[in-house]
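Novice: As a plain string of letters, each chain reads:
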Amino acid sequence: MIYAGIDIGSITAKAALIKDNQLLGTHVIATGYDPINAGIKVFDALLKKCKLSKNQISAIISTGYGRASVSFADKTLTEIICHGTGAHFINPEIRGIIDVGGQDSKAIFLNKSGQVENFAMNDKCAAGTGRFLEVMAKALEVDLEQLGDFSLKADKPLKISSICTVFAESEVISMIAGQEKRENIIAGIHESAAARVAILANKIKIKEPVMMTGGVAKNKGMVKALEKRLGFNLIVGGLAQENGAIGAAVLASRL
Amino acid sequence: MSDMLSEKRKIKSAKKMRDIMTTYYLDAMTAGQHNKQVAWITSGGPVEPLVTMDIIPIYPENHGAMIGASKMGEDLCIKAEDMGYSSDLCSYARADISCSIVKGGPIGGLPKPDMLICCNNICGTVLKWYEVQARYYKVPLFILDTPVCHTRYSPEIARYVRTQIDEYIAFLETMTKRKFDYDKMAQVGRLAYEAQQLWQKVLNTTAHKPSPMSAFDAFFFLALIVTLRGTQIAVDFYKELLEEMEQRIQTGISMVPDEKYRLLWDNLPVWYRLKWLSQKFSDHNACLVADTYTSAWCGAIKYTDENNFLDSMAEAYTMIYLNIGVDQMADQVLDMIKFYDADGFVMHSNRSCKPYSFGQMDIMRIVREKTNIPVLMIEADMVDPRSFSQSQIETRIDAFMEIIKQRSS
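Residue numbers (my numbering), protein chains in the order written: chain E, 1 to 255; chain X, 256 to 664.
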């Protein structure tokens, strides 16, 4: 029996397939303007990649902000439960998750059997989310993917004092005008975002080992800033971004 | 079939209450024609002396709730901001202040007050809010100051508040040019006490499984205990409502179809999203069986002596939910979780209501430590919809319900 999970985030759409509790494959595309189409596209692309057809899939669970737009899913679940299940599937030792996505950042506390005990999410504010980093990358004319590498070369991270994304952006622009080094500005941005995310982790008294998931986990600078702030190392797997979709597929197998 | 079922679920007393409220506002609007005076009073203020003196009490906060529920809050809040008030100011205050100027809202503004009665047992914002209105309407303002009782109602506080009750009565005598009728006061006090007891009994019916009504209904039926406390009308109405609830229990009518999960709500309602939230929880087979808000109008009944209302009301009005320490608030929440057998606790962090929202993190921690039930905090505002982010709140509620379901399976 093969099961699918589809995670429609605010920036990217992810799909995962599992068979006999083994991961068959994953796929990621940009969500774009049309989340309905993104769900169909990412699922079709993954099926093609794994040389499978739709009728071979026993059950599908959709998750993420666009979860309701996946009309062919058997059930929708939130990304909190899916990230919890995904992390537990990949590493059953995991007790905490920090998921930083495009629109939301969250800290999740798992019990020993991988069930979500508690969670905390950012408030109605983009600070500490992927969108915050995206806005800053644009202001600095750096590709989002390169932010991490840039910040690792910083010699003196600058301090961004504004919490609000809009005010932080104008702070960054004045730093650019002041001819500060781009690397140092970016490192400052990461530290500012990490400080926001760490509050969520502290709120639920997160326990190690902690896995970082979500697209922002691919940003090495952000991971480093978070580890510095939290005072312990984070586990970042190769499938951090796809973790929610993997969890959804695992949960589909339990339907 | 489903239409028939949903018709059966409707609470019949709702129509009667709407009629009573309409009459109440019509009377207030035409008070001048009947040589009656109108006093604006804060929601937690002692209304019984007003009723005794035949003064019509009007509640700007109840009006604020009406503005919110009729989704007129945003425009009125913006208008207040245009006038120079901060967007951080309570949305009831903003809506009320601007409504006085534009005569907007669902009933075209409130009747002009002859006096203002401000009791700060519910918040500090009301002091400045009522001062603004006293200047605008050029009418006298009486302030009843009830110190926060962090640990207890001390003899010093008792003396201080009790003295003000006498000053309050003297103020009313000056305003009406009439002597205060202490016998009538005792009678009004007994009616207020009886109505509060009945309201508590109505709220208690939701301990039954499945619950005959939800907190969303309590938010609605609350209006009378706030506005007509101390009158026979309120007593008669709550008797009827109680009978209807008991009838529903006997015939097994629940508010939420197939109720599986029972939740407790904290803080004011999100007035402009009542329907959406009610549907959201109902879709998860969850019923908000009780809340800390509607019970605030009967929570201090234990301090009231029905045979000596005037003397005991100083304590009863000082010891209300929002005027006590966080530890005592948490104790009340824990009692409610137990009494209503709640599976989860939903806290509304209300941008407008600072005294209600302050301390919520501590209450959340205490509840988690002592009960182990999941606690959710959602951020919104009671009247200003600009503080409500639907997709974020939806995800939080869905995730919260997934945790509750996972635990019970």
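No lab work stands behind these hints, which were simulated from the structure alone.
As the structure is a computational prediction, the values presented were derived from the model and not from experiment.
Backbone N, C-alpha and C define an ideal beta-carbon position, used for all residues, glycine too.
Be aware that a few hints might be false.
As the list claims (entries may be wrong) - Calculated Cβ distances over 12 Å to all of chain E for the following chain X residues:
(1) 329
(2) 429
(3) 435
(4) 462
(5) 583
(6) 598
(7) 610
(8) 655
(9) 660
Stated by the list, open to error - Derived lysine-lysine pairs resembling DSS-like cross-links, with alpha carbons at most 30 Å apart:
(10) 326(X) / 112(E)
(11) 207(E) / 660(X)
(12) 326(X) / 203(E)
(13) 515(X) / 75(E)
(14) 124(E) / 535(X)
(15) 203(E) / 609(X)
(16) 124(E) / 530(X)
(17) 326(X) / 124(E)
What the hints assert, rightly or not - Partial pick of chain E residues on the chain X-facing surface, computed with a CB cut under 10 Å:
(18) 19
(19) 21
(20) 22
(21) 65
(22) 72
(23) 77
(24) 106
(25) 122
Novice: Each hint needs a verdict: does it hold in this structure or not?
Specialist: Checked hints:
Non-interface call for residue 329(X) relative to chain E: holds, since the shortest CB-CB distance, roughly 16 Å, exceeds 12 Å. A cut-off of 12 Å between C-beta atoms confirms that residue 429(X) is not in contact with chain E; the least separation is 48 Å. Distance check for residue 435(X) against chain E: the nearest CB is about 50 Å away, which clears 12 Å, and the non-interface claim stands. With a cut of 12 Å on Cβ distances, residue 462(X) stays outside the contact zone with chain E, its closest approach being about 27 Å.
Even its closest Cβ contact with chain E, about 24 Å, leaves residue 583(X) beyond 12 Å, as expected for a residue assigned away from the interface. At roughly 15 Å from the closest C-beta of chain E, the C-beta of residue 598(X) stays outside 12 Å, upholding its exclusion from the interface. Every Cβ of chain E is farther than 12 Å from the Cβ of residue 610(X); the closest lies at roughly 20 Å, confirming the non-interface assignment. With a closest Cβ-Cβ approach of about 9 Å to chain E, residue 655(X) is found to fall inside the 12 Å limit, against its non-interface label.
With a minimum CB-CB distance of about 10 Å to chain E, residue 660(X) fails to clear the 12 Å threshold, and the non-interface call is violated. For the proposed pair residue 326(X) and residue 112(E), the alpha carbon gap of about 46 Å is over 30 Å, so the pair is violated. The straight-line distance between the Cα atoms of residue 207(E) and residue 660(X) is roughly 23 Å, inside the 30 Å bound, and the hint therefore holds. With a CA separation close to 34 Å, the supplied pair residue 326(X) and residue 203(E) exceeds the 30 Å bound.
A distance of roughly 19 Å separates the Cα atoms of residue 515(X) and residue 75(E); the hinted pair therefore holds under the 30 Å criterion. Note on residue 124(E) and residue 535(X): the hinted pairing holds, with a Cα-Cα distance of about 20 Å set against a maximum of 30 Å. Between residue 203(E) and residue 609(X) the alpha-carbon distance is near 21 Å, which keeps this suggested pair within the 30 Å criterion. For the hint linking residue 124(E) to residue 530(X), the alpha-carbon distance of about 22 Å falls within 30 Å, and the restraint holds.
Pair hint residue 326(X) plus residue 124(E) holds up; C-alpha atoms about 21 Å apart against a cutoff of 30 Å. Contact between residue 19(E) and chain X, as hinted, is not supported at the beta carbon level, the nearest pair being about 24 Å apart and thus beyond 10 Å. A cut of 10 Å between beta carbons decides the hint on residue 21(E): the least distance to chain X is about 19 Å, and the hint is violated. Interface hint at residue 22(E): violated, since its Cβ lies 24 Å from the closest Cβ of chain X, which is beyond the 10 Å cut-off.
Hint on residue 65(E) holds. Least Cβ distance to chain X is approximately 6 Å, under the 10 Å limit. Contact between residue 72(E) and chain X, as hinted, is not supported at the beta carbon level, the nearest pair being about 20 Å apart and thus beyond 10 Å. Satisfaction of the interface hint for residue 77(E) is found here, the shortest Cβ-Cβ separation to chain X being roughly 6 Å, below the 10 Å cut-off. Interface restraint check for residue 106(E): the shortest CB-CB distance to chain X comes to about 9 Å, inside 10 Å, so the restraint holds.
For residue 122(E), the interface hint holds, the least distance from its beta-carbon to any beta-carbon of chain X being 9 Å, beneath 10 Å.
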